[in-house]
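S.K.: Residue numbers (this note's numbering), protein chains in the order written: chain B, 1 to 286; chain Y, 1 to 156.
Derived from the structure by calculation, the hints contain no laboratory data. Check before you lean on any hint, since a few could be wrong.
[As the list claims (entries may be wrong)] Below, a list of computed lysine-lysine pairs in the DSBU-like style, where the Cα atoms sit at most 30 Å apart:
| hint | chain 1 | residue 1 | chain 2 | residue 2 |
| --- | --- | --- | --- | --- |
| 1 | B | K179 | B | K219 |
| 2 | B | K99 | Y | K23 |
| 3 | B | K67 | B | K33 |
| 4 | B | K76 | Y | K39 |
| 5 | B | K101 | Y | K62 |
| 6 | Y | K39 | B | K99 |
| 7 | Y | K23 | B | K101 |
| 8 | Y | K23 | B | K76 |
| 9 | B | K93 | B | K76 |
| 10 | B | K93 | Y | K52 |
| 11 | Y | K23 | B | K179 |
| 12 | B | K68 | Y | K134 |
| 13 | Y | K62 | B | K76 |
| 14 | B | K68 | Y | K52 |
| 15 | B | K219 | Y | K52 |
| 16 | B | K67 | Y | K38 |
| 17 | B | K93 | Y | K23 |
| 18 | B | K196 | B | K101 |
| 19 | Y | K62 | Y | K52 |
| 20 | Y | K106 | B | K101 |
| 21 | B | K101 | B | K76 |
| 22 | B | K67 | Y | K23 |
| 23 | Y | K39 | B | K68 |
| 24 | Y | K62 | B | K93 |
| 25 | B | K99 | Y | K38 |
| 26 | B | K67 | Y | K39 |
[What the hints assert, rightly or not] Listed next, the stretches of chain Y that the computed footprint assigns to chain B, with coverage defined by at least 3 CB atoms under 8 Å from CB atoms of chain B:
| hint | segment |
| --- | --- |
| 27 | 33 to 44 |
| 28 | 50 to 61 |
[Stated by the list, open to error] If we take Cβ atoms under 8 Å as the criterion, some of the chain Y residues that face chain B in the derived model are:
| hint | residue |
| --- | --- |
| 29 | L7 |
| 30 | W26 |
| 31 | P28 |
Backbone N, C-alpha and C define an ideal beta-carbon position, used for all residues, glycine too.
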Amino acid sequence: MAAGEELTLSSHIQHHLTNAKMCTVDGSLAFNKACSEAGFWTWHIDTLAWSIGLGLLFLMLFRSAAKKASTGVPGKFQCFIEMIIEFVAANVKDTYHGKSKLIAPLALTIFVWVFLMNLMDLVPVDFLPAFAGWVGATFFGMDSHDVYMKIVPTTDINMTAALAIGVFLLMIGYSIRIKGVLGFVKELTLHPFSTKIVPLQIVLIPFNLLLELIALVAKPFSLALRLFGNLYAGEMIFILIGAIGLLQLPLHFVWAVFHILVIVLQAFVFMMLTIVYLSMASSDNH
Amino acid sequence: MNLNATLIGELIAFIVFVLFCMKFVWPPLSNAIEARQKKIADGLAATDRAEKDLALAQDKAKDQLKDAKAQAAEIIEQAKKREAKMLDEAVAKANAERENILAQAKAEVEAERNRLREDLRKQVAALAVAGAEKILQRSIDEAAHADILEKLVQEL
């Protein structure tokens with residue numbers, strides 16, 4: 001009995017931590033467990049749907065404010081949107097000193113999008129997966145245990161890695177645009193150990209390259225893993241709290257209140273680090 | 001870590017969202033905010049200017065009021081002086097008139113008195129003559145002694 005209970009608990013947690021998958025097997029679409037052999041070409045449809053949905057929500061809200069933007073007296077919604085814009089613009093202005101039309105909208109997109117995705121963490125963990133299970137069982141004749149629904153896209157490493165890779169590509173792009181290919185290569189090879197003696201410098205190049213490459217690659221890794229780790233851990237604790245019965249209510253409340261801080265902070269950190277990394281990439285003095 | 005094709009999907013979504021934000025969201029909002037900031041700054045500057053103008057106008061009004069008061073006081077002063085002068089003149093004129101009338105009256109009275117005295121003297125002379133005539137009816141020729149009588153009348 002005890003063993004069976006433990007099994008259901010761990011399978012319950014496992015169920016919560018599994019994405020809904022989609023892939024093609026033998027030329028036709030397959031879902032979830034059928035995709036275990038699909039390898040790389042598997043799509044997490046819940047992550048994709050929620051993240052793109054939330055991204056569209058972000059763009060819709062801000063686009064509607066942008067359409068109504070005028071120099072007259074702004075309404076409450078307009079003020080709210082403009083407060084966010086001003087907050088992001090102030091942070092970009094303080095940190096990024098070059099001229100770029102991309103950095104500020106990039107920072108805004110990251111901040112609001114990541115925030116909205118993190119915000120899904122505050123929806124009680126069982127609501128939407130249970131609803132999805134009910135829909136799957138009622139309308140598609142599936143076993144509700146085979147319906148997976150992970151509603152927080154940032155607890156999927158693919159999501160955070162995609163953001164980090166996007167930022168990483170921009171870092172390389174900015175480095176090359178500002179310093180040129182040669183400048184970028186020089187930055188990677190002539191620091192931190194530099195000397196005026198040419199043969200010695202040549203000997204030092206591999207060490208420099210190794211250190212600089214690690215430093216460069218560590219940035220997207222830290223971006224992706226920080227966001228993923230924080231949200232995954234938070235989600236995990238929500239799931240654990242959700243599994244302990246009636247006592248979960250006060251605990252859930254406390255953890256949710258604490259998590260309000262975490263979700264805003266993580267969105268802010270991701271945005272700030274993006275700005276800082278791009279600022280470093282586009283500044284010449286090493 | 002189960003990295004898979006989701007990564008590519010999310011990367012594309014990310015790029016599209018950022019581009020959309022860069023083209024259609026950020027510029028209008030940012031421009032509107034900056035334009036409004038400029039408008040508010042202009043408004044505040046205009047308020048400052050208006051306040052300064054108001055203070056200036058108030059000062060000017062105060063000065064003008066002071067001038068007007070001074071002028072009014074001067075006019076009143078002049079009027080008073082003129083009033084006093086006119087009063088003096090009137091009094092002097094009246095006095096002169098009085099003197100005149102008095103003198104005339106005196107002269108008239110004098111003339112009347114002289115005339116009355118003359119009349120009286122003539123009557124006394126006539127009486128005296130009549131008396132003397134009665135007394136000296138026969139001895140004295142009126143015509144022969146007229147010069148003496150005349151002298152007598154003169155002496156009265």
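S.K.: So, for every hint listed, does it hold in this structure?
M.R.: Here's how the hints hold up against the structure:
1. K179(B) / K219(B): Holds, because 19 Å separates the two Cα atoms, which is no more than 30 Å.
2. K99(B) / K23(Y): Measuring from Cα to Cα gives roughly 16 Å; hence the hint holds.
3. K67(B) / K33(B): violated (45 Å)
4. K76(B) / K39(Y): holds (19 Å)
5. K101(B) / K62(Y): violated (57 Å)
6. K39(Y) / K99(B): Distance ~25 Å between K39(Y) and K99(B) Cα, so the pair holds.
7. K23(Y) / K101(B): Cα-Cα ~10 Å, so holds.
8. K23(Y) / K76(B): holds (24 Å)
9. K93(B) / K76(B): OK: K93(B) and K76(B) at ~25 Å, within 30 Å.
10. K93(B) / K52(Y): Outside the cut-off at roughly 36 Å; violated.
11. K23(Y) / K179(B): Holds - the C-alpha atoms of K179(B) and K23(Y) are around 26 Å apart, at most 30 Å.
12. K68(B) / K134(Y): The given pair, whose Cα atoms are some 149 Å apart, is violated under the 30 Å limit.
13. K62(Y) / K76(B): At roughly 46 Å apart (the allowed maximum being 30 Å), K76(B) and K62(Y) break the hint.
14. K68(B) / K52(Y): Not OK: K68(B) and K52(Y) at ~36 Å, beyond 30 Å, violated.
15. K219(B) / K52(Y): Violated, at about 57 Å.
16. K67(B) / K38(Y): holds (20 Å)
17. K93(B) / K23(Y): Distance ~19 Å between K93(B) and K23(Y) Cα, so the pair holds.
18. K196(B) / K101(B): violated (39 Å)
19. K62(Y) / K52(Y): holds (15 Å)
20. K106(Y) / K101(B): Violated, at roughly 120 Å.
21. K101(B) / K76(B): Status holds; Cα separation ~27 Å.
22. K67(B) / K23(Y): holds (12 Å)
23. K39(Y) / K68(B): holds (17 Å)
24. K62(Y) / K93(B): violated (51 Å)
25. K99(B) / K38(Y): Holds, at roughly 21 Å.
26. K67(B) / K39(Y): holds (19 Å)
27. 33 to 44: holds (count 4)
28. 50 to 61: Three-residue rule not met by the segment 50 to 61 of chain Y, so violated; n is 0.
29. L7: holds (4 Å)
30. W26: With Cβ-Cβ at 4 Å, under 8 Å, it holds.
31. P28: OK, holds: P28(Y) within 8 Å of chain B, min 4 Å.
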